[in-house]
Amino acid sequence: MDYKNVSKKTPVGVIGAGSFGTAVANLLAENNSVILYSRRADRAEEINKSKTSSGQSIHPRIIATNDIEYICKECYLIFPSIPSQGFREMLRDFAPFLRPDHILVHTTKGLDVNLKTSENIFDKELSFEPSEILTMSQVILQETNVKRVGCMSGPNLAKELAQHQPAATVIASRFDEVIDEAKRAIKSPRFQVYASHDIFGVELAGVLKNTMAIAAGILNGMGYGQNTMAFMLSRGIREMIIIGTALGAERSAFLGLAGIGDLIATASSPLSRNYTVGYRLAQGESLDYIISTSSEVAEGLRTVNICNHISNKLRLDTPIIKTAYSVLFEEMELSEALNYLMSYQSKKDVDYV
Amino acid sequence: MLEPVIPNIQDWPIARIARHQDEIIEDVSEESLSQIIHLSEHSKSIRDLIAQAVYLERIRIKDDSWDVDPEDEPDFWAKIKKRLSSYDPILTDKNEVVKIENDLLKKIVKRYTEEIIGNFDPKLYWFAQQTLPIFFGRLLSASNGGIKSLFKPKMALKDRLFLTGPIEKIRQLSTKGTVILVPTHFSNLDSIIIGYGMTTIGLPAFQYGAGLNLFNSRILGYFMGNLGAYKLDRRKKNLIYIETLKAYSRINVYKGAHTIFFPGGTRSRAGNIEKDLKLGLVGTVIEAQRMHFEKEDNNSAHKIFILPLTVSYHFVLEASSLISEHLKRTGKEQFIISDDPFQSARAIFKFFWELFSASSDITLSFSEPMDIFGNQVDDDGNSIDKFGNKIDIKNYFSINGKITKDPQREQVYTKMLGDKILEKFMTANTVYSSHMVAFVAFEILKKKFKDTDIFTILRLPEEDREIAWDDFVFTCNRVRDELYHLNNHNKVKLAPHMTLEMEDIIEHGIRNVGLYHTLNPIFRTKEGNISSEDLKLLYFYHNRLEGYGLQKCI
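For the record, the sequence lines run as chains A and B.
Quick note: the first sequence uses my numbering, first residue 1, plus one each step.
Quick note: the second sequence uses my numbering, first residue 1, plus one each step.
Be a bit skeptical, because a hint or two may be false.
[Stated by the list, open to error] Pair ranges (Cβ atoms, derived):
(1) B:Tyr55 x A:Gln165: 49 to 57 Å
(2) A:Ser252 x B:Phe455: 28 to 36 Å
(3) B:Asp64 x A:Leu115: 26 to 34 Å
(4) A:Gln192 x B:Asp22: 53 to 61 Å
(5) A:Ser118 x B:Pro461: 46 to 54 Å
Just so you know, these hints were derived from the structure itself, not from any lab.
Ideal Cβ placement from N, Cα and C applies to all residues, glycine included.
All chains, please: the whole structure from these sequences, using the hints.
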């Protein structure tokens with residue numbers, strides 16, 4: 001079947017008009033007409049009027065809406081692109097309109113944990129079991145009737161995508177047709193697409209690298225150079241693999257675009273939100289102040305806390321995660337943190353392959 | 001005994017299909033042929049596939065022949081081989097090559113189809129239905145009340161067999177679509193017990209695949225072959241055979257034959273509930289459902305229902321040989337495999353005798369029927385999603401409003417269905433006293449010798465096997481509390497006897513699990529403690545409660 005012809009006529013949906021959602025919509029608009037969903041009606045109207053969204057001009061083939069039924073009726077291929085914090089809620093709103101023939105390819109690099117009503121994700125003591133953690137594709141399967149689910153992950157900084165710089169990504173799904181559909185919709189001369197069947201591994205790689213991006217921001221903010229950075233990143237990929245495999249993922253996804261690729265991009269770029277949190281912290285700003293003055297959520301903060309909880313529960317050897325957690329949430333001094341890492345008993349270099 | 005859902009045997013789907021055997025053979029041949037040709041476009045050429053089949057079949061005939069194999073087999077394959085080497089595929093005209101190869105393929109597929117195909121003889125079925133319960137009833141009465149009772153039966157197999165689950169709904173659905181029964185598999189007796197169980201709730205006969213080896217016995221083969229069994233030959237692993245078998249299954253399910261698939265493939269060697277499924281034939285159910293949606297409009301499309309079934313026994317006839325085989329497969333040590341007692345009529349007789357005489361029960365626990373995507377179905381067979389709304393599952397096969405055939409998509413759906421079935425196996429499992437005592441005893445030993453591997457534990461000397469009675473009762477109480485908790489959350493079922501006083505449960509469990517075996521897997525010593533004469537068997541029965549996280553109670 002020639003999907004190309006079929007899909008040209010049908011618009012593609014994007015849920016979430018944040019900076020990444022807008023960048024994804026612009027990429028898709030090169031091949032398709034696009035319906036961009038924003039939760040707020042005034043925002044959707046404003047996007048249509050000003051032809052800009054989250055500081056990016058939008059392609060003429062994009063129209064914004066806040067009508068859930070409309071986007072679900074018009075599009076069978078939809079890219080949810082919203083922070084993990086509100087992901088489940090948003091899907092519950094969409095669930096009544098999502099049909100078995102919908103295909104959802106999310107771009108959210110975060111985890112879903114089932115907190116007790118009295119708990120907050122940034123609490124010191126959390127009660128959930130590592131086995132209860134869900135990736136966004138698992139949340140989609142839980143909350144909707146959609147079965148054909150995929151994710152898009154890789155070194156894709158929204159601002160660089162908006163500047164039309166060449167980039168590559170991974171589309172992961174258990175279904176070939178999901179990969180084919182998403183690839184056909186988004187691939188372009190400036191956007192290369194690779195495929196994977198290991199959706200869980202690809203999702204986790206994208207999520208876990210955010211923790212390392214914060215650590216990298218801290219190191220750069222402290223004024224350290226490439227040696228320190230390379231040291232942290234190569235030990236960081238090790239910790240990502242250790243946590244990922246403990247949660248049941250395969251190693252290979254961490255070595256591709258969604259793992260190492262994304263780690264290199266976010267850990268060395270002031271354009272990354274997570275990196276910026278670490279950088280500003282090292283520059284002496286308080287975490288509360290940073291959060292209150294950021295326009296969008298840094299997923300990495302939630303992830304550091306979740307990963308620290310998993311590491312403690314499963315007794316994993318993850319010194320960078322633990323130190324990042326102490327710096328962020330326990331007011332550990334940066335110099336003390338660095339001392340801890342430098343004096344940590346060093347073992348075998350590569351013990352994770 | 002419930003009234004038959006369809007009173008006249010002649011009207012049963014299986015009888016209806018059996019009346020058109022020629023049509024089935026033709027359809028299966030056509031279907032497998034087109035499937036093999038399609039596959040050959042992506043991998044090996046047809047010539048290579050035939051050559052491979054010839055090669056493997058000739059080895060099988062030489063090294064592993066059975067009584068049931070037809071005499072003309074060597075001849076048939078020699079002729080195929082000769083024909084295959086009679087032309088040069090490069091020098092011969094292309095159309096001619098296609099013609100020769102398709103012709104050879106047709107011959108092979110037809111031969112396989114004729115071997116696989118099962119029959120259903122309503123008269124024989126009626127005869128068996130009338131006589132078997134009498135036989136069981138007399139046996140049962142005799143084992144309870146002495147030989148004299150053999151002639152005055154008072155009890156019946158149905159008194160030992162407990163069927164739980166939404167029976168009325170299952171009956172209803174059997175008239176509204178095709179029911180695919182997927183049971184756990186612990187014993188070769190499963191088929192007999194399940195077959196009988198289905199009769200007692202008035203369901204029409206199901207077709208099922210039986211190993212060709214069982215047809216080595218002429219009498220058994222005659223009965224099975226005419227009571228709905230089709231033949232599976234695990235020796236034949238070539239693609240042409242596999243595709244023919246799948247096409248056979250697909251077409252029968254499509255035509256509405258209620259079918260039993262044992263998704264575990266073979267009997268559970270370790271005694272645990274299946275963790276991995278062999279989904280080849282289950283996948284044909286997904287294909288059959290898609291075919292219905294493709295060929296019929298939505299309102300009239302025939303529906304397929306999946307019905308998971310967990311069978312609970314106190315003891316398994318073949319436990320000893322199964323666990324030995326498991327240990328040999330997984331272990332470094334050499335375990336000698338004892339004979340499979342299923343081969344012996346005396347052993348089967350003894351099994352039923354013990355079953356009846358010792359008040360031992362069998363539970364067939366049906367899960368809620370579901371569609372092929374794991375959605376619940378209502379009494380009319382409509383799929384109901386997790387929000388309680390009707391859902392049109394046809395659209396899982398469509399993209400942009402059009403139904404498409406996508407084998408890779410269906411493979412993933414098959415795996416998803418497999419996961420659902422496994423989940424249902426666990427939640428419908430009925431825990432018996434014997435499962436609990438075996439689990440607790442073995443886990444206590446495992447904890448006591450936590451630094452040793454399983455093989456060393458299985459060889460513990462007698463003096464190290466003893467468990468103090470008080471410790472045993474204490475841990476049993478903890479495990480039972482957790483089982484209650486799981487039961488309250490619908491994660492497992494409990495047999496009625498699990499509400500007895502703990503000492504009575506333990507006594508009941510020990511008595512039942514040791515019933516059949518010469519060496520007691522678990523017993524009370526003279527001092528009143530717990531011990532085992534056969535740790536391998538204890539391990540086997542213990543495994544039944546694996547996967548519920550009960551270890552934390554030890």
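Now for the hints, and whether the structure bears them out:
{"no.": "1", "hint": "B:Tyr55 x A:Gln165: 49 to 57 Å", "verdict": "holds, 56 Å"}
{"no.": "2", "hint": "A:Ser252 x B:Phe455: 28 to 36 Å", "verdict": "holds, 33 Å"}
{"no.": "3", "hint": "B:Asp64 x A:Leu115: 26 to 34 Å", "verdict": "violated, 59 Å"}
{"no.": "4", "hint": "A:Gln192 x B:Asp22: 53 to 61 Å", "verdict": "holds, 56 Å"}
{"no.": "5", "hint": "A:Ser118 x B:Pro461: 46 to 54 Å", "verdict": "holds, 53 Å"}
Checked against the numbered hints above, the structure violates only hint 3.
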